[in-house]
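Engineer: This is what each chain is made of:
Protein chains: 2
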Amino acid sequence: MTTLTITPVEGLPEIAPGDDLAQLIARCAADAIVPGAVVCVVQKLVSKAEGRLLDLADVDVSETVALLAASVDRDPRLVQVILDESAEIIRAERGVLICRTHHGYVCANAGIDQSNAGADDRLVLLPLDPDASARGLRADLERITGVAPLAVIVSDSFGRAWRTGQVDVALGVAGLDPSVPPEGLADRDGRPLAASEPAIADELAGAADLVRTKSGGQGVVVISGYGDHVTGRDGPGVGPLLRSRAEDLFGAREAEPPPA
Amino acid sequence: MTTLTITPVEGLPEIAPGDDLAQLIARCAADAIVPGAVVCVVQKLVSKAEGRLLDLADVDVSETVALLAASVDRDPRLVQVILDESAEIIRAERGVLICRTHHGYVCANAGIDQSNAGADDRLVLLPLDPDASARGLRADLERITGVAPLAVIVSDSFGRAWRTGQVDVALGVAGLDPSVPPEGLADRDGRPLAASEPAIADELAGAADLVRTKSGGQGVVVISGYGDHVTGRDGPGVGPLLRSRAEDLFGAREAEPPPA
Numbered sequence: 000m001t002t003l004t005i006t007p008v009e010g011l012p013e014i015a016p017g018d019d020l021a022q023l024i025a026r027c028a029a030d031a032i033v034p035g036a037v038v039c040v041v042q043k044l045v046s047k048a049e050g051r052l053l054d055l056a057d058v059d060v061s062e063t064v065a066l067l068a069a070s071v072d073r074d075p076r077l078v079q080v081i082l083d084e085s086a087e088i089i090r091a092e093r094g095v096l097i098c099r100t101h102h103g104y105v106c107a108n109a110g111i112d113q114s115n116a117g118a119d120d121r122l123v124l125l126p127l128d129p130d131a132s133a134r135g136l137r138a139d140l141e142r143i144t145g146v147a148p149l150a151v152i153v154s155d156s157f158g159r160a161w162r163t164g165q166v167d168v169a170l171g172v173a174g175l176d177p178s179v180p181p182e183g184l185a186d187r188d189g190r191p192l193a194a195s196e197p198a199i200a201d202e203l204a205g206a207a208d209l210v211r212t213k214s215g216g217q218g219v220v221v222i223s224g225y226g227d228h229v230t231g232r233d234g235p236g237v238g239p240l241l242r243s244r245a246e247d248l249f250g251a252r253e254a255e256p257p258p259a
Numbered sequence: 000m001t002t003l004t005i006t007p008v009e010g011l012p013e014i015a016p017g018d019d020l021a022q023l024i025a026r027c028a029a030d031a032i033v034p035g036a037v038v039c040v041v042q043k044l045v046s047k048a049e050g051r052l053l054d055l056a057d058v059d060v061s062e063t064v065a066l067l068a069a070s071v072d073r074d075p076r077l078v079q080v081i082l083d084e085s086a087e088i089i090r091a092e093r094g095v096l097i098c099r100t101h102h103g104y105v106c107a108n109a110g111i112d113q114s115n116a117g118a119d120d121r122l123v124l125l126p127l128d129p130d131a132s133a134r135g136l137r138a139d140l141e142r143i144t145g146v147a148p149l150a151v152i153v154s155d156s157f158g159r160a161w162r163t164g165q166v167d168v169a170l171g172v173a174g175l176d177p178s179v180p181p182e183g184l185a186d187r188d189g190r191p192l193a194a195s196e197p198a199i200a201d202e203l204a205g206a207a208d209l210v211r212t213k214s215g216g217q218g219v220v221v222i223s224g225y226g227d228h229v230t231g232r233d234g235p236g237v238g239p240l241l242r243s244r245a246e247d248l249f250g251a252r253e254a255e256p257p258p259a
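Sequence order for the protein chains is V and P.
The numbering of the first sequence is numbering that gives the first Met the number 0, which starts it at 0 and goes up by one.
The numbering of the second sequence is numbering that gives the first Met the number 0, which starts it at 0 and goes up by one.
Calculated directly from the structure, the hints in this document are not laboratory data.
Don't take every hint at face value.
To be verified - Across the chosen pairs, the derived CB separations fall in these ranges:
1) V:A245 with P:D120: 27 to 35 Å
2) P:R121 with V:E92: 54 to 62 Å
3) P:V146 with V:L52: 31 to 39 Å
4) P:T1 with V:P235: 31 to 39 Å
Note that beta-carbon positions come from the ideal geometry of N, C-alpha and C, so glycine has one too.
Whole structure, please, built from the sequences with the hints as guidance.
Structural biologist: Right, dumping it as structure tokens:
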């Protein structure tokens, strides 16, 4: 196993809807993008390029949602958007809605936020299909740079059960398998490692976050030295990392359906 | 922000109780240990050096535990040890006990396992105080190598709520703050980032895991380029990352007390 290097990409401009994100990344990261590189892009850049922005002023609030919003002391328009983006509300208290999004991610406020959105009442929603976003960026980056194979991870900072703080996790993946399956692995005494399946896409997303400052705009980070895991095909995306409620042992059990 | 490099340390021998782990690490990682380096050590090496090993043959099983063991289809002696190491059982099903250990970590089987323990009925328990282990290693490594400041993270692979696979997280930390507090941070539009507190100790632990293979024995990994966060003092340890049940929004609520 070789040494991994993790390099922030500097000089990216503010991203606006319709911008060619792959072109901008290729221009700013030309030196860092080598065969086998993993290009990690924060969700917010992808969402902005894809136009996943919403003005609070354009949101109509239902009566049920207005009641829920009062109970969690949040702007009813924001709560309406959070619910629209959610398949299920896991918990609603202390001003936070823990949601399962339509994609299947469990996170606070359906991954929606207002920071760095460029206007005080402008929301940034998660991409509609982060795996598709990652596949598109991977294809475009390989075409524009002529460097292959590459992998792309679209990430976001999520809170977790039982531990404070946030870590970046993968929302979309292309060009590598999101975890290393346990089949065939054995420990050093030859005992099978049945339970061990490192979620490498999440560990890569977290590693990329280490070289960013939230206020610094380093939304793209390139990891090199991990080429043994870069497959040369899109792969299964992030799906294998998403655990259904029925399979979950660590998280909450009781559910509330989102209000209509 | 500079580039981060993540280097596995090769050549460490099998660790046995009483071994001077810091001395062995210093010998094998001499080139990688530079001022500001973060030395990441897997829990199993620390536990072995500290003698946290137990033979299943030496375990007495209580009647209550025998019943629980039957219900989860596990060796009653193993279940007895898991319960002895736990303050609380969060869930028991499908052969897995999700525990809150006496330290406050929520993980499967109280972090105990049999892999790489060196004998089929030998268990490796978590260190009694991983923060103390990290502080000891930090002091010893700085003294032996003459290189300072260093940080040390003791890590383990944990499952998580809502997502499959495992990621390495920090069990013990010395020489850096485990998260970057949000105070004073603002986004690029000057809006306060109240909710954002990256759990850097966990992201570092996960990053280190990327250059290991479970069967390869690279239990020590050195991360350089992160010196801006290495404080030159032990710091608060991992405590600030541990969320109490009352504060937890993502995890399970209902509890079962461990059987007596």
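Engineer: Looking back at the hints listed earlier, which ones does the structure fail to meet?
Structural biologist: Numbers 2 and 3 - these are the hints that the structure violates, sorted from lowest upward.
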